[in-house]
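Visitor: The chain contents come next:
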Amino acid sequence: MTGEELVAHLADEVLLLDGGMGTLLMAMGLASGAASETWNLEHPERVVEAHRRFVAAGSEVVHTNTFGGSPVKLAAAGLEGRCREVNGAAVRLAREAAFGTGTLVAGDVGPTGVFLAPVGQATEELYERAFREQVGALAEAGVDLISIETMYDLREALAAVRAARAETSGLPILASMTFEARRRGYFTMMGDRIVPSLRALADAGADVVGFNCSVGSEVMVGMVREARDELELPLLAQPNAGQPRAGSRGLLYDATPERFAGDVARMVEAGARVVGGCCGTDPDFIRAIRGALDSAPASESAR
Amino acid sequence: MTEVPGEGRHELLAAMNQSILDGDDEAADRLAREALAARIEPLEAIDRGFTPGLREVGRLFEDGEYFLPELVTAAQAMQAAMAVLRPVLGEQASERTLGRVVIGTVPGDIHDIGKTLVGTLLAANGFEVSDEGVDVPIERFVERARELDADLVCASALLTTTMAMQRDLVNAVRSAGLRARVLVGGAPVNQAWAEEIGADGYAENAAAAVDLARRTVPP
Numbered sequence: 001m002t003g004e005e006l007v008a009h010l011a012d013e014v015l016l017l018d019g020g021m022g023t024l025l026m027a028m029g030l031a032s033g034a035a036s037e038t039w040n041l042e043h044p045e046r047v048v049e050a051h052r053r054f055v056a057a058g059s060e061v062v063h064t065n066t067f068g069g070s071p072v073k074l075a076a077a078g079l080e081g082r083c084r085e086v087n088g089a090a091v092r093l094a095r096e097a098a099f100g101t102g103t104l105v106a107g108d109v110g111p112t113g114v115f116l117a118p119v120g121q122a123t124e125e126l127y128e129r130a131f132r133e134q135v136g137a138l139a140e141a142g143v144d145l146i147s148i149e150t151m152y153d154l155r156e157a158l159a160a161v162r163a164a165r166a167e168t169s170g171l172p173i174l175a176s177m178t179f180e181a182r183r184r185g186y187f188t189m190m191g192d193r194i195v196p197s198l199r200a201l202a203d204a205g206a207d208v209v210g211f212n213c214s215v216g217s218e219v220m221v222g223m224v225r226e227a228r229d230e231l232e233l234p235l236l237a238q239p240n241a242g243q244p245r246a247g248s249r250g251l252l253y254d255a256t257p258e259r260f261a262g263d264v265a266r267m268v269e270a271g272a273r274v275v276g277g278c279c280g281t282d283p284d285f286i287r288a289i290r291g292a293l294d295s296a297p298a299s300e301s302a303r
Numbered sequence: 001m002t003e004v005p006g007e008g009r010h011e012l013l014a015a016m017n018q019s020i021l022d023g024d025d026e027a028a029d030r031l032a033r034e035a036l037a038a039r040i041e042p043l044e045a046i047d048r049g050f051t052p053g054l055r056e057v058g059r060l061f062e063d064g065e066y067f068l069p070e071l072v073t074a075a076q077a078m079q080a081a082m083a084v085l086r087p088v089l090g091e092q093a094s095e096r097t098l099g100r101v102v103i104g105t106v107p108g109d110i111h112d113i114g115k116t117l118v119g120t121l122l123a124a125n126g127f128e129v130s131d132e133g134v135d136v137p138i139e140r141f142v143e144r145a146r147e148l149d150a151d152l153v154c155a156s157a158l159l160t161t162t163m164a165m166q167r168d169l170v171n172a173v174r175s176a177g178l179r180a181r182v183l184v185g186g187a188p189v190n191q192a193w194a195e196e197i198g199a200d201g202y203a204e205n206a207a208a209a210v211d212l213a214r215r216t217v218p219p
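Here the protein sequences come in this chain order: R and C.
Residue 160 in the numbering used here sits at position 160 of the first sequence, with consecutive numbering throughout.
Residue 146 in the numbering used here sits at position 146 of the second sequence, with consecutive numbering throughout.
The reader is advised that the hints may include incorrect statements.
[Stated by the list, open to error] Okay, the calculated bits of chain R under chain C, using three or more residues with CB under 8 Å as the criterion:
{"#": "1", "region": "124-135"}
{"#": "2", "region": "287-294"}
[What the hints assert, rightly or not] Far from chain R, by Cβ distances over 12 Å, these chain C residues were calculated:
{"#": "3", "residue": "E65"}
{"#": "4", "residue": "V84"}
{"#": "5", "residue": "R86"}
{"#": "6", "residue": "V88"}
{"#": "7", "residue": "A172"}
{"#": "8", "residue": "V217"}
To be clear, the hints were calculated from the coordinates, so they are not data collected in a lab.
Since we're looking at a predicted model, the values are computed, not measured.
Backbone N, C-alpha and C fix where the C-beta goes; we use that ideal spot for every residue, glycine too.
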């Protein structure tokens, strides 16, 4: 499937992604503080199991376990020089779980964790080199699309989109940034706003643009509405399961799958075409979204 | 060189304030030197020139007018001014310490920025800060707090996967019998979490952290 074909498909259908891979792996025993990418090598069977649970819940796309899979982030996690190996292994594990189900595999690309001046010493060239290496490894191993997520600096997000364009031949590219509600509106921590950011990402070659992480589903409904009013682009929304809080067995998130799925249905009504969950959303959340989407009337803004 | 009276002095202090708001470290450095040359007391330059600018930056950040880049450049400008003024402060400086702080990012977490920013702003506001860096072992926090007889231990966690370390830190500080209060922060952290793990306070951002530290350490 090409990016154009995905966009055409989204005119008629909502695409359901998966939930929070990192938090699910933690629930499956990933140690606090460990990089989840290490499990692609050390516990491949558990990564496959996590993907399978999302597929069984109704996910039409699963994200590879490579959110921290850029060479910069891997080096910081003690996996220096192993970008190709880690990303390749992750793609094979997602493929194994998706096999025979028709589920698509999205190569997940998260931020490098290093910053441009004045906050840090990174450069846009460094971003682009890092993302090209990661996307190259994901594409070589055979992903169906590229999903760039949780970006807080438009310049880093754009470097990732450019890298994805350069390293793949026409694969669909999803690009999503993380905004918070501030007094004057929605902003990333760098001060990027929704409409100009998403427009720039689309201009750089992203097929679907949107939001993920940082906020719960209730807040993200407002973000979708703001984007919808100004942009004629397919929108993506993956909120967190509310706010994390401490529980006796680790972190818990305060949203219920039912309430979350209700908000996701509202986002679809407002124009979101690709939906899923981020931190804290386990397969029960995906199942609840599936149920809400299947029982919802046709979207008011489906075109 | 003569003392700057009235109007000129007022303008110089206003320019100091502005240099912090602009995040202009070169201007801050130059103005700090001009202040010394004009025999303005270093303490006055800090309290009436630069620090009000930093407070205003904190307010603008909370209001969503300023973002991380502005906060960082303001902190850098403050550091530039302090680098000129601190050596001249001499004895005044040690009397001025609002409290001793040990700060770091929890084990398993290599996020630097939030923690560094809080440390910088605390230092700029008159706390004595020992920044232990990132991925700091719990024992290291405890050891340093004991050595320095710290008033505050501040721990940052930027990941939902490393937050739990803040609870371990609170427990370790308590069981070591230290008097230090423990403050926590970081993107996934909130007040409810701080209460659940028994921390002494939570701040949402670097500006709020300074207010929290002032409130937490008795004068």
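Visitor: Would you mind marking each hint as holding or not holding in the structure?
Guide: Right, here's what the structure says about each hint:
Requiring three or more residues with a Cβ within less than 8 Å of a Cβ of chain C, the coverage given for the region 124-135 of chain R is violated, as only 0 such residues are present. With a cut-off of 8 Å between beta carbons, the region 287-294 of chain R has 0 residues touching chain C; three or more are needed, and the interface restraint is violated. Under the 12 Å C-beta cut-off, the non-interface status given to E65 (chain C) relative to chain R is violated; the minimum distance is some 7 Å. Here V84 (chain C) stays apart from chain R, with its beta-carbon at least about 20 Å from theirs, past the 12 Å limit.
Chain R leaves R86 (chain C) outside its interface by the beta-carbon criterion, the shortest separation being 22 Å against a cut-off of 12 Å. Residue placement check: V88 (chain C) keeps its beta carbon more than 12 Å from all beta carbons of chain R (closest about 27 Å). Under the 12 Å C-beta cut-off, the non-interface status given to A172 (chain C) relative to chain R holds; the minimum distance is some 15 Å. Its beta-carbon lying about 26 Å from the closest one in chain R, V217 (chain C) satisfies the requirement of being farther than 12 Å from that chain.
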